[in-house]
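Protein chains in written order, with the numbering used here: chain X, 1215 to 1349; chain L, 1215 to 1349; chain W, 1215 to 1349; chain U, 1215 to 1349.
Don't read these hints as lab results, they were simulated from the structure. Warning: the hint list may mix true and false statements.
Pairs involving identical chains hold if they fit within one copy or between any two copies, as the list cannot separate such chains.
What the hints assert, rightly or not - Below, in silico cross-link-like pairs of lysine-lysine (DSBU-like), each with a Cα-Cα straight-line distance of 30 Å or less:
(1) K1337 - K1288
(2) K1288 - K1332
(3) K1288 - K1227
Only a predicted model underlies this, so the values are computations on that prediction, with no experimental measurement involved.
There are 4 protein chains.
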Amino acid sequence: MSTEERVRASFAKQTMMQSLGAELESVAEGWVVITSPILPTVLQQQGAGHAGLAFSIGDSAAGYSALTMMEEGKEVMTVEMKINLMAPAIGDRLVAEGRVIRAGRRIVVVAADVFAEKDGTRKHVAMLQGTMIPV
Amino acid sequence: MSTEERVRASFAKQTMMQSLGAELESVAEGWVVITSPILPTVLQQQGAGHAGLAFSIGDSAAGYSALTMMEEGKEVMTVEMKINLMAPAIGDRLVAEGRVIRAGRRIVVVAADVFAEKDGTRKHVAMLQGTMIPV
Amino acid sequence: MSTEERVRASFAKQTMMQSLGAELESVAEGWVVITSPILPTVLQQQGAGHAGLAFSIGDSAAGYSALTMMEEGKEVMTVEMKINLMAPAIGDRLVAEGRVIRAGRRIVVVAADVFAEKDGTRKHVAMLQGTMIPV
Amino acid sequence: MSTEERVRASFAKQTMMQSLGAELESVAEGWVVITSPILPTVLQQQGAGHAGLAFSIGDSAAGYSALTMMEEGKEVMTVEMKINLMAPAIGDRLVAEGRVIRAGRRIVVVAADVFAEKDGTRKHVAMLQGTMIPV
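Required output: the full structure, derived from the provided sequences and hints.
Written out as structure tokens, the structure is:
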């Protein structure tokens, strides 16, 4: 299996991604992009996307960027993740860009940025930094 | 409105909570408990609850614990949140206990613990620490 | 060597702790307390202890609490650490209490609270949550 | 006072920076670089720079990048900061580059990267992401 096939096969098993309507937009070495609509079913109390939405796709994008740099046969698990939320998740959809900062044998340090797109313009709404391990 | 009514009214508007099947179990000053089933729709690739599930209910529990200590008329927003995942979210349901560590006028420091319950026993699966602001 | 001897031997090699005037106050399984004066040499621009002071002793207390639960012959290294600062570090001294949240074989999740003591009263000034690995 | 003068005046009051031998290398809008030698007085138990060293200069670099975007007369305080440590801090000196991710009126989201320099080559040893407030 190619790296992209491995990531796509794993992503397809994440029912959370399907429930959020998320899609795996692109996969490269150490770089994965996931998008999701801001569905009426994932909002917080003021009508913006819930912090858990930005977290979920940001975490998955970061995790899969790590998976691209792990040996075949491995899966990836989040050890910890921190998110800063800079602006409400309002717009047509969210785009999460995950990347590897440093791939060690035992742990992989990752980051992700989440953008809200509206009418073709992008706003940086969240930023994640975390640690993944192969399992 | 009582504090509990304010929290319940806000929680009812979080469609994300409804989509996750989450319920507001208890509300006290600086202390909120939210539970959720581990539905087939919220899993990661290995069949455990997605990190985004533990994050979402942990973040909401922590946020609402902060709301209990804010003035009436305010809503709460997550500035940042960090989660450490200690064990896979496997079992009958998750229980997130959110609490206020320090309530300042401008920011409120919060924490939450998330437990997976299975056949009446609890396992500590995640731990969150973050910052909320009144909006 | 007893666990306490191992921790004390490692602590004695941390020249940073000596430069801060820090002392290892107590060591138990999964629990370590480090204290430090708020010396004129460790301040921030407004005269309180620098965030780096609370971080340094909190990180070391948390790390050594992890070391108490690792095999003999191992040392501990910080993978990541997050600190929330709740109040200025003002007073006679800081006390950092580190503890293990979950000790796994590959990673240990830890936490620490830092208090400022003044005239015998304590104020909770910082809270840390992080990940350690044996090396 | 120019922005750079404001930052330099504040930095000069941080006795912690002087104790670490840190220097303010450059100041631009939303961008501050601080360097420090890896003195024999700031080590951890294995002879590398202590996590508290990378944290201290990373936190100050990030904080001062925020200060460049705050109104005159304000000082900056760290609300929270998270650090991932990617490699031991070994070499001739550390370089911390702090930058503003988003400057809001109430809070400023910042990040910093810390590099260890040895014989003119750089290694990325730590990465910080946090929140500052004007005080």
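Item to check | Status of K1288 relative to K1337 across identical chains (alpha carbons, at most 30 Å) | outcome: For K1337 and K1288, only the inter-copy Cα distance (25 Å) is at most 30 Å; the intra-copy one is 34 Å.
Checklist entry - Between copies, within a copy, both or neither: which fits K1288 and K1227 at Cα up to 30 Å? => result within (15 Å within a copy, 38 Å between copies)
Next on the checklist: Please sort K1288 with K1332 into within, between, both or neither, judging by C-alpha distance up to 30 Å.
Outcome noted: This pair counts as between: shortest inter-copy Cα distance 27 Å, intra-copy 37 Å.
In summary, the structure agrees with every hint in the numbered list given earlier.
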